[in-house]
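As given, the protein sequences belong to chains Z and A, one line each in that order.
When the first sequence is numbered by this note's numbering, its final residue is 129 and no position is left out of the sequence of numbers.
When the second sequence is numbered by this note's numbering, its final residue is 258 and no position is left out of the sequence of numbers.
I should point out that these hints are in silico values taken from the structure, not numbers from a laboratory.
Quick caveat, the model's predicted, so the values are computed rather than measured.
Do not take every clue at face value.
To spell it out: a stretch of chain A is covered by chain Z in this simulated footprint if at least three of its residues, at any positions, have a beta carbon under 8 Å from a beta carbon of chain Z; those stretches are [stated by the list, open to error]:
id: 1; stretch: 141–150
id: 2; stretch: 157–164
id: 3; stretch: 191–201
id: 4; stretch: 205–212
Built from N, CA and C at the ideal position, the CB exists for glycine as well.
2 protein chains.
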Amino acid sequence: MQLNDLFTSSYTVSDKVYKGFIEVFNDNNPLHTDAGFAKNLGFEAEVMHGNILNGFLSHFIGECLPIKNVIIQSQQIKFLHPVYLGNTIELQAVIDYYSEAVGVYSFNLKFINQANLKVATGKIQIGVL
Amino acid sequence: MQLNDLFTSSYTVSDKVYKGFIEVFNDNNPLHTDAGFAKNLGFEAEVMHGNILNGFLSHFIGECLPIKNVIIQSQQIKFLHPVYLGNTIELQAVIDYYSEAVGVYSFNLKFINQANLKVATGKIQIGVL
Chain Z
1 MQLNDLFTSS YTVSDKVYKG FIEVFNDNNP LHTDAGFAKN LGFEAEVMHG
51 NILNGFLSHF IGECLPIKNV IIQSQQIKFL HPVYLGNTIE LQAVIDYYSE
101 AVGVYSFNLK FINQANLKVA TGKIQIGVL
Chain A
130 MQLNDLFTSS YTVSDKVYKG FIEVFNDNNP LHTDAGFAKN LGFEAEVMHG
180 NILNGFLSHF IGECLPIKNV IIQSQQIKFL HPVYLGNTIE LQAVIDYYSE
230 AVGVYSFNLK FINQANLKVA TGKIQIGVL
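This is chain Z alone, in the form it adopts within the complex:
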């Protein structure tokens, strides 16, 4: 893993993911669960929980890197466009900082949907254990 390396991983907000997230975290806010409520506010349908993207990010860090002995130190995300049920999100992560001395990698993150719309951006810093 070195500076400017690009990693990508694709995730679908399936019914299993959506309902599973609600089952685990009990966030039944009507924006996420009531199509009429969401449509009255100008959305196409129920808006998926933003933190589903952070769950995908957990998988990316835990499972998609060439090293396993890592831990997340910090992360941030900005939500730019709504994500809907069934959307497929490509996570694009570029290493924008690396310190061998302290064993830290930082990634710039983009979450792109199937219509090539950037739905979120973020940063994540991980430590090598």
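With chain Z held as given, fit chain A onto it using these hints.
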């Protein structure tokens, strides 16, 4: 909701939450699933996924505020200490910014475990829809 208002909500990283998170997001990194691997790295046991805290945050924003018509615009989190299975985390959120003109609230976040250790800090900005 006004400046300096404090909200608290308590969450337990139960077996249901831990296993459910893995079932939904498939992050089986050995730090989270292999006690021997985690102990060899100096941890007490399997370290819970940091993004479980972000799932709790989703519940807090979606379910614990006096208004429901909100959406997360951005959030950030720093992980300071490991969280283990069975730990209880109190989320403390203080409104540190509010603009009625643009309908935005920002909260300072602390995640405190049952031993009164601050395991994570963060910020979240929400918009009123």
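Hints, verified against the model:
Counting residues of the stretch 141–150 of chain A whose CB lies closer than 8 Å to any CB of chain Z gives 4, which reaches the minimum of 3, so the coverage claim holds. With a threshold of 8 Å between beta carbons, the proposed coverage of the stretch 157–164 of chain A by chain Z holds, since 5 of its residues qualify and at least three are required. As drawn, the stretch 191–201 of chain A meets chain Z at 7 residues by the rule of a beta-carbon pair under 8 Å; at three or more, the given contact holds. By the rule of at least three residues with a Cβ nearer than 8 Å to a Cβ of chain Z, the coverage given for the stretch 205–212 of chain A holds, with 4 such residues.
Figure legend: structure checked against the earlier numbered hints; every hint is met.
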